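K.L.:
Fit chain A to the known structure of chain E by using the hints.
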Amino acid sequence: MAGLPGGGDPPDGVVTQPSHAELARVVRECAGRLTASLVHLVGDFAAAEDLVQDAIEAALTHWPAEGIPDRPDAWLYTVARRRGLDVLRRESRYREKLALVAWPAEPEPDDRLRLIFTCCHPALPRAGQVALTLRVVCGLTTAQIARAFLIPESTVGQRITRAKRKISDAGIPYRIPPADELGARLAEVLAVIYLLFNEGYLCSGGRHAQSRDLTDEAEFLAALLDDLMPTEPEVAGLLALIRLHRARAAARFDQNSEIIQLQQQDRSLWDHDVIADAGRMIARAAAFRRPGPYQLQAAIVACHAEAERWEDTDWTQIVVLYDMLLYLAPSPVTRLHRAIALRYVTGPAAALREVEALADDLNGYHLFHATRAELLRDLGHPDQAQAADARALALTANPAQRSLLRQRLNWA
Amino acid sequence: MKYVLMFVETEQFAADLTAMGDAERDRAYARVQQWFAENYDKITHHARLMSPDAATTLRLDRGEPLVTDGPFVEGKEVVSGFTEIEVADLDEALRLAKSWPGCPVVEIRPMAS
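Chains E and A, in that order, are what the protein sequence lines are. Counted the way my numbering counts, the first sequence spans residues 1 to 412. Counted the way my numbering counts, the second sequence spans residues 1001 to 1113.
Derived from the structure by calculation, the hints contain no laboratory data. On a predicted model such as this, the values are computed, not experimentally measured, just so you know. It is possible that some hints are incorrect.
[Stated by the list, open to error] Here are a few chain A residues that face chain E, going by a calculated C-beta distance under 10 Å: (1) D1089; (2) V1106; (3) P1110.
[As the list claims (entries may be wrong)] If we take Cβ atoms under 8 Å as the criterion, some of the chain E residues that face chain A in the derived model are: (4) A123; (5) P125; (6) A170; (7) L328.
Each residue gets a CB set at the ideal place from its N, CA and C atoms; glycine is no exception.
Pulled out of the complex, with its shape left as it was, chain E reads as follows (with noise of 0.2 Å):
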């Protein structure tokens, strides 16, 4: 029986041992919310996600063994809340503030998007933001981010006190930017969740069982950001990004977590519903007529996701959406990906001038080295093609890319 810690009433029925996904989809949901409301009880960001901290390692404490209450989330307020009033005691101001404290205390909806924007606040440095947002929005404890990005546990509470101190030193407000300032902070928050996808996503091989799937955080963020603020096309375009890549990973790996490439993958184990969900959300969002750069890369995704085979697969279209993104956001890994579908468009030949051209920029990246291997494959070099494939080696420290790099060596 799950009942409040230290007595209190328990709720009615009893859940069974819940799994590991449960667990985190429970905590995920309730999290946001309650450092919300704990920040109008107690006034203050850094307490409240403190108190909230308390009361998620509570219940990873409890609720594995006595299965998930019915209420998750009154459990982990009344937690969070006797903490809070112990704070609360403390203060002077101490009678004028509990009668604040009230039960439910259900923050508007808005109250989650001001967590998400003080979180990813561009005075804070972006591991600040990453581990800040996965606390506070997503409700990971210290240890389940550092499982997450393989660093040790002191780093990330290191990075968390640090830019909670921030906060409080210099004045970060809380609360949502006003709308001259709401483009340049977004794209803040975008990154974040983005950076937080392209980590889950590459190291999606080999996970510790127990970790948090940054994935699943970064779509969870994509999706709330996306019911927030329903009128951002970008919001909606990362969604769709999102979506599309998770759509294909079954596909994505072998038995032995080896990358399946693109081109070999088996296309029947793709989830076509949530495909075509993503293609109707990107027409949605490209009806605001606001384009920007994860609207363009979903649109790219989805050339390749909507494709029934890979013959089928619309290079052209996928060309002119890589104009249209280096356009609005030049970058030399962009040309690179251009340089990939032109390929398909015009011949090796083509695509490698414009790939030997982004030497200078690229040449400590391994896709970079990797491309030029494929390329000079495809135009009959091996020995060359070989020693672009040993520099890309050298380079990449994911395990399943190495392994891909390593077969190619042997056969190549």
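P.N.:
What follows is chain A alone, placed relative to chain E:
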């Protein structure tokens, strides 16, 4: 909250200012004057500094006080002035600093209360 905006000049900025004709330089100064006029209600103090050539640095942590010529840190970017402001939060300080028409770098530092 109280913040200090530290205005930082780069070598390029100083060179550009020197290369300007008188009329153009007057206009540049007028823009800065206007910024102060527009924001007078938030500015609690302002100081403009002479160039780092005029600086003298004293080190007190090496036994006898050590007097040296020049700023404590030599660099291509130098603090040329500072303004103390009182605003609601960092976002308001940022908005103010973004409209600054003078030198190209501004550091925003909260004052310890």
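K.L.:
State for each hint whether it applies.
P.N.:
Status of the hints after comparison with the structure:
This hint holds: A:D1089 has a C-beta 4 Å from the nearest C-beta of chain E, less than the 10 Å allowed. Annotation: interface hint on A:V1106 violated; nearest CB of chain E at approximately 13 Å, more than 10 Å. Because the beta carbon of A:P1110 sits about 5 Å from the nearest beta carbon in chain E, less than 10 Å, this interface hint is met. At its closest, the beta carbon of E:A123 sits 6 Å from a beta carbon of chain A; the interface hint therefore holds under the 8 Å criterion.
Taken as an interface hint, E:P125 does not check out: its beta carbon lies about 15 Å from the nearest beta carbon of chain A, beyond 8 Å. The restraint placing E:A170 at the interface with chain A holds, with a minimum CB-CB distance near 5 Å, inside the 8 Å limit. At about 23 Å, the closest approach between the beta carbon of E:L328 and any beta carbon in chain A exceeds 8 Å, and the interface hint on this residue is violated.
Hints 2, 5, 7 from the list above are not met by this structure, while the remaining hints are.
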